[in-house]
Amino acid sequence: MTSELDIFVGNTTLIDEEVYRLWLDGYSVSDAVALRVRAGILEQTGATAAVLQSDTMDHYRTFHMLERLLHAPPKLLHQLVFQIPPSRQALLIERYYAFDEAFVREVLGKKLSKGTKKDLDDISAKTGITLKSCRRQFDNFKRVFKVVEEMRGSLADNIQQHFLFSDRLARDYAAIVFFANNRFETAKKKLQYLSFGDFAFCAELMIQNWTLGAVGEAPSKPDSQVDDMDMDLDKEFLQDLKELKVLVADKDLLDLHKSLVCTALRGKLGVFSEMEANFKPPAPQNLSRGLVNVAAKLTHNKDVRDLFVDLVEKFVEPCRSDHWPLGDVRLFLNQYSVTVHSLDGFRHQALWDRYMDTLRGCLLRLYHD
Amino acid sequence: MPGKLKVKIVAGRHLPVMDRASDLTDAFVEVKFGNTTFKTDVYLKSLNPQWNSEWFKFEVDDEDLQDEPLQITVLDHDTYSANDAIGKVYIDIDPLLYSEAATVISGWFPIYDTIHGIRGEINVVVKVDLFNDLNRFRQSSCGVKFFCTTSIPKCYRAVIIHGFVEELVVNEDPEYQWIDRIRTPRASNEARQRLISLMSGELQRKIGLKVLEMRGNAVVGYLQCFDLEGESGLVVRAIGTACTLDKLSSPAAFLPACNSPSKEMKELPFNEDPNPNTHSSGPSTPLKNQTYSFSPSKSYSRQSSSSDTDLSLTPKTGMGSGSAGKEGGPFKALLRQQTQSALEQRGGSPHRFCRRREFPFFTLTAFPPGFLVHVGGVVSARSVKLLDRIHNPAFVGIMGNTRSYKLLDWNSFNSDEPETRDAWWAEIRQEIKSHAKALGCHAVVGYSESTSICEEVCILSASGTAAVLNPRFLQDGTVEGCLEQRIEENLPAGCGFCHIPYDELNMPFPAHLTYCYNCRKQKVPDVLFTTIDLPTDATVVGKGCLIQARLCRLKKKAQAEANATAISNLLPFMEYEVHTQLMNKLKLKGMNALFGLRIQITVGENMLMGLASATAVYLAALPMPGGIQIAGKTPSDGSYEQHISHMQKKISDTIAKNKELYEINPPEISEEIIGSPIPEPKQRSRLLRSQSESSDEVTELDLSHGKKDAFVLEIDDTDAMEDVHSLLTDVPPPSGFYSCNTEIMPGINNWTSEIQMFTSVRVIRLSSLNLTNQALNKNFNDLCENLLKSLYFKLRSMIPCCLCHVNFTVSLPEDELIQVTVTAVAITFDKNQALQTTKTHIEKSLQRASTDNEELLQFPLELCSDSLPSHPFPPAKEHLESARSNSGIPAAQRATSVDYSSFADRCSSWIELIKLKAQTIRRGSIKTTVTVEKASPMGEGNFRNRSAPPCANSTVGVVKMTPLSFIPGAKITKYLGIINMFFIRETTSLREEGGVSGFLHAFIAEVFAMVRAHVAALGGNAVVSYIMKQCVFMENPNKNQAQCLINVSGDAVIFVRESELEVISTQQPTANCQQSCAGGEVTT
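Residue numbers (UniProt numbering), protein chains in the order written: chain A, 1 to 369; chain B, 1 to 1084.
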């Protein structure tokens, strides 16, 4: 006796969250059944393995049918075939587009191309995430990217509107899209200690301040650009950043800046001497020079990609080697950016703020073990 | 030209990409009705076209309006080649044809293609302008309402229940026409869909005409089926119960009821439609009317023998135990008089109703209180027919149906085809009628018909429950009817229907009778099988449960008559075994009655399958069932004996466990009041032994089952062994789950609002090697059990819940395939309250009866809840109580008969009782039934009848579907019309669509979607009495092909949550009736 056909169709589509998770995780039906058995479901419910097998198959089939709709979530809302309560629809979408930390760290900043897709088996092997799940996550990134790529307006809003994500997920996707678009390097060994959350945080700040979409707030920009996009960094802004070089190039400015910072922080900083030493020109780990140089280099695409590597190398690592407490880093960065306003000879205050406000936020986030 | 149909095509969305180059579609729409076609403009390059068309107007006969579906085809415009069809939408406009139903159909419909499934949606608005001609309904039957619901629909009141209506139409199946060889599968499928739609419309119209002829205005319990007879054609047949219904529109209309029940009753006749029977309406005195109702040839009495040969049974009086009214009041004297004269005159009246009520059958399964007086038992008849094409050279077209496809078909039918089918059914119905008569009953309720076809052999089956009805609903004398209702007060509530309607001394079959355990006055049988729902006033102990008997029998492959003969020969044995199983399982559950019994016999190439489902309950009125005792045949063998005793112990344990599980602990009747047994010869069938053979078991048995004799099961061969084993393999549902195949679960009354309707289909392939009956039985049993287990597992998140209306359908699509389709609804209930129930089951069950009344039967609800605000007028309530107490439904033995001497093509029948028992007969003392009167239906139901604002215009999101006639926690405010849809889906890329499971899963989901869309477009938010009548699945995996046909029906309704109703009513000052009623009216 073999079961040729075995289906269950409810007027309200039944969604088993547990099975959905297993499906999303890319387990085959038999693996999923085995996992469910291991979870003790048979003992809890008194069901047999055959029942579990049939149930799992059924859910998998349902998910398979839903998948097409999940690719365009608004369709899921308007379709008539599956009657699913709104809360469940939200859950389906949210879980479908959810991603694994381990996976996203591998892919973040990479071009979402066929080439990357070919590397997915390596990623799968490395992370222990099934290839199927990797593919889904990758395809999700790519799909979202494609849809919002050409759109104007807020990146996160666009994503939310077209994919009906929660705020949190929409912001994460905005970060992923932003990183993919700008191809920031995140895979270097030095950067391994950083979580996706760290990058997403930085992405959000950068989207807010450094992109074309943020231009409206930047007074220095003429309103010639019709492109109002969150995806691309503001090229003009990056060009202008070269002007900041004067802060380290001009000896007077540098000294003045240093003394102002030192005066303000004297006695407040546990690592005062290290900080002071770092301002010295020949010091290999000159923090100020590092930060300004990072800014100046951003004109080149290649250097833009290495932004995070540079930040870690030029700032995070030196501070860490001197065992700066986070509080001190904060105090220093605040003081360091604020005192620039007192430098009479420095004309690029606005530019400095636009750069430094974001960078300060990023650095504080990146500064951890 | 009495109607103008107006259609507007608004927009489309989610259309498929038809032009690969642009990834877009140039869509336009063809709107077709009858022979007229309109087209919209082409909306270029869009998957979401906005046509916003003008109103397309069709001027048509109302006959066409009834028969024809509106056909909407979405196409992709192609300049250089033929336009590609994207898909179609068929809209049945029938709901627009009666005033109370929907006024407009407007909404998004899935665009359906028989090859690709749903491909986007289209927004359509449909309206009908009917000429306001008073006689407009006379030519056609527009205006007759159809309900699938097998009880009086919630917002209506039955004025008269006229009786049985049936009709069938035959056509050839487009799939078997010669043209099918050259046309595409799509064209063939569409021709079939369209034809069935047309035939359904025609059938409905014809039935409507019959109803109008009877002066009714509605068909309740409408059941339409189609038989795919293959080469010999397509039969669409329908049965139903004609009624005259009154709309319970607004509470204000029932205001008088608050004040005086009698007043309300008097008013009723004025509201109702013209009298259905001109003969009786002439003399308008109540007395006379009353008399006419007791028309026929033979008076009904307990002393009469049932040997009367006259089969034209017309309703006899239901007042078998009539006596003076106990409710003191102004009417008392009058009532007595009326009753008296009615009794005197019955039998003497002429055969006025004979013509009309050829078959006193009712497709209803639940009844207004007082309708059902006694129940006799199940009656059924089966007949094996050969679908031989009749080679008549003088064929003329097809069946005189002007609309049928008159193709040049040399294989075509004979024009007398419908008559042949009619004659077949008439034969069977006649059979049923005579069985009912043999049981001393004049009517058959819970009546249904079915077929099973395999190649050219067809088994026709009909079954129902023989019953004695109260005539007040069957005729026009409503005033007397209502009053009369009170007279029968001495039928105590909850047991009256169990009392035997047949004569004790002339029993049609051997049966054990005892005095009713409830009232101690009348005789009751020891077990009762019925096809109806449990009457709402029945006193039940504990909870009920689903019982199934499953059986397979191998049969040799044969042709034509030999085949039919083989089947005929097998049938009686199958019936016998099915009943043995049912009886055994019933005993095993410790229960004594079956409701909703449905026995399905399915014929296949090389086997017959029998599946019987029913809901078992413990009726307080019937005697406690004895246990089951096993007797070995060869007691000499020691090990064998041990084995037997082991089995015995297991069985006894199971019974004890079941009693605990279903909370069956009937009130003990003390020894003193149990009188001596009624002297009666004990009947024995060959399976029975009066005594057990092993003393050990006797003691065990006595311990667990009191002092009753046990039901003995003799194990004399392997078959019997297998039977016993199969008894024990049925596993009870996991805790928190209950199941039944009736509308509601006996013993559970506190439903919460969560419902989940589902369909589950399983097909298994049997290994063809050495198939034996035993292996087959085991496979089939496992299939059903596993299916149930799967359901319990899937729905575990709803615990505590009950699977209601579990409906199994078995088919044998191929040699080694068994297909089982289950549709049911899971309803959650409140466990805490359920626990309370167990404490005082009797009181509770009575209370349940009252709440159920409110739920299920609209008009007592109106009476009672309206009376609540105005407490100074309690009579209304009392009246209700008495009404309830009188609505006895007698139960009986099941009676089945076998007479298989028949030739294959002959209608074979049987009326043989299978009784297996050996038990003491006890006589009970008189037990008071005062509790009945105490049970009050007051409580949360107060404002259920307040009309809520119609939500027809609100955006319809969720559409609920349920096979039940009600929605728990909600009130149905409007019936929008019948939904009757037929779909075909075919694929030539089975693997790509996920194999057979993927294909069917998607198709069923699509069918649900289309049903919901139609309901939503009518302005409804639920389908009640939903049923999947057919699910024919065929596959050819080698060719990567599959095809499936599905036919579903139900009633589209608008419901309002009770919680919302409460809000509405609390907004109204409810202190006085006037105001609250006015308030109700305002909100309407």
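Simulated from the structure, these hints should not be mistaken for lab results. Check the hints yourself; a few may be wrong.
[What the hints assert, rightly or not] Short, incomplete list of chain A residues facing chain B, as computed with Cβ under 7 angstroms:
| # | residue |
| --- | --- |
| 1 | F8 |
| 2 | V9 |
| 3 | G10 |
| 4 | I15 |
| 5 | T45 |
| 6 | A47 |
| 7 | A49 |
| 8 | Q53 |
| 9 | S54 |
| 10 | D55 |
| 11 | K117 |
Glycine is no exception: its CB is placed at the ideal position from the N, C-alpha and C atoms.
Hint check:
{"no.": "1", "hint": "F8", "in the structure": "4 angstroms, holds"}
{"no.": "2", "hint": "V9", "in the structure": "4 angstroms, holds"}
{"no.": "3", "hint": "G10", "in the structure": "4 angstroms, holds"}
{"no.": "4", "hint": "I15", "in the structure": "10 angstroms, violated"}
{"no.": "5", "hint": "T45", "in the structure": "6 angstroms, holds"}
{"no.": "6", "hint": "A47", "in the structure": "5 angstroms, holds"}
{"no.": "7", "hint": "A49", "in the structure": "11 angstroms, violated"}
{"no.": "8", "hint": "Q53", "in the structure": "10 angstroms, violated"}
{"no.": "9", "hint": "S54", "in the structure": "5 angstroms, holds"}
{"no.": "10", "hint": "D55", "in the structure": "6 angstroms, holds"}
{"no.": "11", "hint": "K117", "in the structure": "22 angstroms, violated"}
The structure shown violates the earlier hints numbered 4, 7, 8, 11.
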